[in-house]
Amino acid sequence: MRIEPRSKVSKTLIISVPILSSFAALLIAAIPISFAGANILQAYQEMFFGVFGSVFSFSEMLTRATPLIFTGLAAALAFRARLWNIGAEGQLYLGALLSVVVGTGYFDLPPLLLTPVIILCGAMAGAVGMAVPTFLKVRFGADEVVTTLLLNFVILIFIQMMLEGALKDPMGLGWPQSSPIVEEAMLPKLLPRMRVHSGLILAIVCAVFVHFMLSRTVWGFRVRAVGENAVAAKYAGIPVHRSLFMVAIFSGALAGLAGVSEVAGLKGYLTADLSPGFGYTGIVVAMLAGLSPLGVVLAAIFIASVFVGADSMSRAMGVSSYLADLVVALSLLSVLVGGFATRFRIVWSKRQPGDNG
Amino acid sequence: MIDILNILLSESFWAASLRIASPLIFGVLGALLCERAGVLNLGIEGIFVAGAMAGWMAVWLGAGLWGGVFFAMLAGAALGLIHGILTVPLGLSQHVSGLGVTLFATSLSYFVYRTSLPAVSSPPRIEPFRALDIPILSDLPFVGPVLFQQTALTWLALLLVAVIWYVMNRTPLGSALRAVGDNPDSVDAQGLSVYTLRIGAVVAGSSLMALGGAFLTMSAFDAFFFGMVNGRGWICIALVIFASWQPGKALLGAMLFGAFDALQVRLQTEVGALVPGQIFLMAPYILSILALVIAARRADYPRALLTPWFKGQR
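If you read the sequences in order, they're chains A and B. FYI, this note's numbering numbers position 85 of the first sequence as 85, with every residue one higher than the one before it. Remember, this note's numbering sits 357 above the position in the second sequence when you count from 1.
Extracted from the complex, chain B is given alone in its bound form (with noise of 0.2 Å):
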């Protein structure tokens, strides 16, 4: 007892959970753009997978840090499209579509990778992000390691999540938004177009979600490896419902689950001999099976989440 309080006070501890937080909270804030305008997007995990690759890609290729963060967005917006062009206008099934561009986005991106690099046994590096140092800030007991250490793509993160509650909230965009994945006939009726309000929503929520992959490579780690979403995409699809669709939620369930991710992995090397260490590696999954099921009965679905929507057609 008193070795989990030991790890829940220490500064390391919650700058990890913060660090594993940060991926979660754009593909999060990404799933909820879409869901909010009344498209599910399974392409989820493929396009943390497209935006790791692009963004690691352009950087090592020589376009700089923040031009890794510019493709991974356009790889993820570019994949946004074609979800948006199936479910939007053509009407097709949203659940479908999505598994297609998830299959369609890791395997692309996994053949890029290996033509692009067809005899390399260990992935070749590139400089990620730093830590932001800010002088006095950094400085501070607790607070300083936990924040003020962190890279500027967890910043991003955290800005975002403020940006997002701002345009859903404060916005005619944002109301508008909320109205087409809710009542899309009543935005038809004040003039809005429905299809371009949906498909511009789930561009820019699968832009947000690669930047979720970008991190992956960019920040948290400093190369492409085969594998390495591992599930993060369906984790977010979990979040965003034990989120109700709030950004703010969206915040908390994603450092909930950084900091029990952040636990475990402590936890594991407290007592790593008597348990097996798959039990901690499958703690993820489960908790977000648990966050489901506590939550989905309360969750303020959108109310046309995946009903399609046709001109015309009442």
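This is chain A alone, in the form it adopts within the complex (with noise of 0.2 Å):
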């Protein structure tokens, strides 16, 4: 028995891994379920119900894909360059920041330009959240995965002192939390009565964007050979950091939207737990998506689905919903070692690697 790297891989094969792998992780949850002593059938029945047993549950499933497609995509595109942006947590914080900056008054602008300027203060500040690691990979080769995590944790401190501080409420009796954005900046909601809000289109007009740009251009182009090989691609003639800093922006960007969006479409005001870790999960989305920027959508709403599922089999059974946390990792791991059967297969011979006969 051996392992040899595949020659051709079948698209069959790259689509169907991470729908495996997803499945496997779903399966792989029956042990923690059993172990928390609840009657594996009905959890799973629940969880079902839970997301598609109504329009509500359904759409409460949509309000929490949102800033996954955001935090998802920020990171495919980053992972694309190898570019390891884990500070998509920290980056979601900085655009909820400026957002509330922005759009709790404190500048005066007509309703009309409120939101678009939201929009477009929250996606620089993510970018800029981005920018610095990416100035200190290039600058002094400081590794972006270890600065990135780390600041993640000053960001949100920083947060927190802005909201006992400059930010903080007058009228929150006490709550560290932000003053609301008013109403006229509000994303406009998709349904009446329910949660889920124009964010979406948002972030999906986003992931076809970066479809579009990665695919279809030669900026795109150039992402993708820094990504496979930076040597190969500076001898190329592909300024090289020019091309870093250009995703850096763009993902720092796209996680700053989706700090906007809970903010602009959903909370209204920012308190420090505003994101349960959409950051970190966001990685998950893009892994399970192979970081293709449209897979991202389908991943976000299947981990959404894991989310809102286990919540309410979670509140139904009394079983603890940091099950939905296990599957969402057991899901990293097994697209991880699905992505192995992609590339790699198993040949059942005595043959010695190197024999071409």
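In short, the hints are calculated from the structure, not lab data. Computed from a prediction, not measured in an experiment: that's the story for all the values here. Keep in mind that a hint or two might mislead.
Stated by the list, open to error - Covered stretches of chain B (chain A as the covering partner; in silico rule of three or more C-beta atoms under 8 Å from a C-beta of chain A):
# : segment
1 : 465-476
2 : 584-598
Said to hold, decoys possible - Residues of chain A clear of chain B, computed beta-carbon distances all greater than 10 Å:
# : residue
3 : L41
4 : I86
5 : A131
6 : L150
7 : S320
8 : V337
Claimed, not checked - Across the chosen pairs, the derived CB separations fall in these ranges:
#  : chain 1 : residue 1 : chain 2 : residue 2 : range
9  : A       : K234      : B       : S369      : 50 to 58 Å
10 : B       : D579      : A       : I15       : 36 to 44 Å
11 : A       : W219      : B       : S478      : 39 to 47 Å
12 : B       : F582      : A       : A236      : 45 to 53 Å
13 : B       : E627      : A       : V218      : 32 to 40 Å
14 : A       : N229      : B       : S473      : 47 to 55 Å
15 : B       : L438      : A       : P170      : 30 to 38 Å
16 : B       : L663      : A       : V218      : 26 to 34 Å
Every residue gets a Cβ at the ideal spot worked out from N, C-alpha and C, and that includes glycine.
Fit chain to chain and form the complex, with the hints in mind.
Dropping the structure here:
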């Protein structure tokens, strides 16, 4: 038995691996469910109907998927260029921070202009959040994995500081939260009496845009070339550093938009628990999507279904909702192993590698 | 200025520095072992959580303190084995696999904790490691309170620095480990198994990381909290670069870090009214980033770090 690289990878394999991995992760979840002493079949049933049981629950899932599409795109784009942006969590908060700064009336803008300005400012804040670690990488060789991870903590503490200080809502009864952004600046809702908002549309537009940029432009070609082999790309005359910065700016902006959409589409104000780890989950979304921007939309819907389904199952059956995080982690690990299966195959013969006979 | 001097000269300050440094010493040594063998282990943050949780729970269930240490290390080793198998023979992305292990270990620990203790508002406490009161030495001025009133786990951390330095620099195993992180082909040519050495280093390193987590629940505190690891694992990843993969410098880095952290807590009580407390909370992370920025260019990376190696492929 030996392992050899596949010369050609079929489309079917590329598409089926993430689907199989997701199901594998869901199946493995039976172990912790039974550990918690719950009926396995009933638990899966509760999870399924917790998402697809009503229009409302389905719309809740889409609400949950919205920030995950943004952070998933942020990770997918950066990882394509082998820029390890693990800082989407922090960039999300920077985007959210700027949207409350702009949106709560510090600036007097006509309502029609307010929403685009908020979106732009939030995206810019996220972009700066990723440009800084990219600068530290390019200029000082400081590994961006570590700097972006550590910056997540710095930014979150900074947000807490702002919420207890300059941005604290005077009407907030002492809670550390910002003032709500003005009504006119809120992103419109998509359905009456549901929470799903037009941030979802924006997210999908972004996915299509990133897909177009990556697959149809010179810029996208450069990004992919830098990701596949930075040294070769440099010799081919591609401005590697500039490409990295462009990726960093777009990736950070996408993560910042996740924050804008959560604030201006959903919550209306900023708290330090705005994101239950959307930035980190975005990495799983991107990997499940095979770093394909359009795949990110589907992967985000799957992950959001797991969260919403597990929440509802948790309420009904008392199984801890940390189950959802466990399934998410398991799907990352299994899609990683699945990725191995797409690139290599196992050959059941005694022939030694190197023999071509 | 006088205030800072007073702080720096106080016994309690240095005792606190060593206490803060202890989990980081375990973590940096663990990361050092993995990376010296050529494998980046971003599972560290989650392995800290798993170690903290497994150690605490074992003690809570009656395994005794050293039983807790054992189970924490076992949990770390198991998670290390997952990371090792994914990244070494399968050669998968060390970044993604490590983050996967962190997500998995964290969520599994939280899930098990929540499932075992569904309805507690305040976490149950255990009887943690006590300060080792060594009769005569503890009464020495200055050195006594700083060194000889630490818990057994701090001593273990200091001992491990020496052990790992010795193994890495003075034994055949150590030279094989270093070679497998620099030039795996040469190790293979000597007839040694690259896979075994690398997986072994990741498993051993991960169990040390878990000890760092266990220190939190069994020595620094006496209970398990959500979010208690709070980036300590990532700080270790920065410190190991700062330490240039040397055990001695790792100790120095962790101690410097502990000293800064202890200093900021004391400064906070001095000037707390003038500056928001969060400035001080940010300090450790910013400090780690600065350490990385300063050290990164000079760092002597293990040459085969992040590079998978496959048998029969040159």
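Worksheet item: Taking each numbered hint in turn, which are not upheld by the structure, reported in ascending numerical order?
Response: Numbers 4, 6, 7, 8, 10, 11, 13, 15 - these are the hints that the structure violates, sorted from lowest upward.
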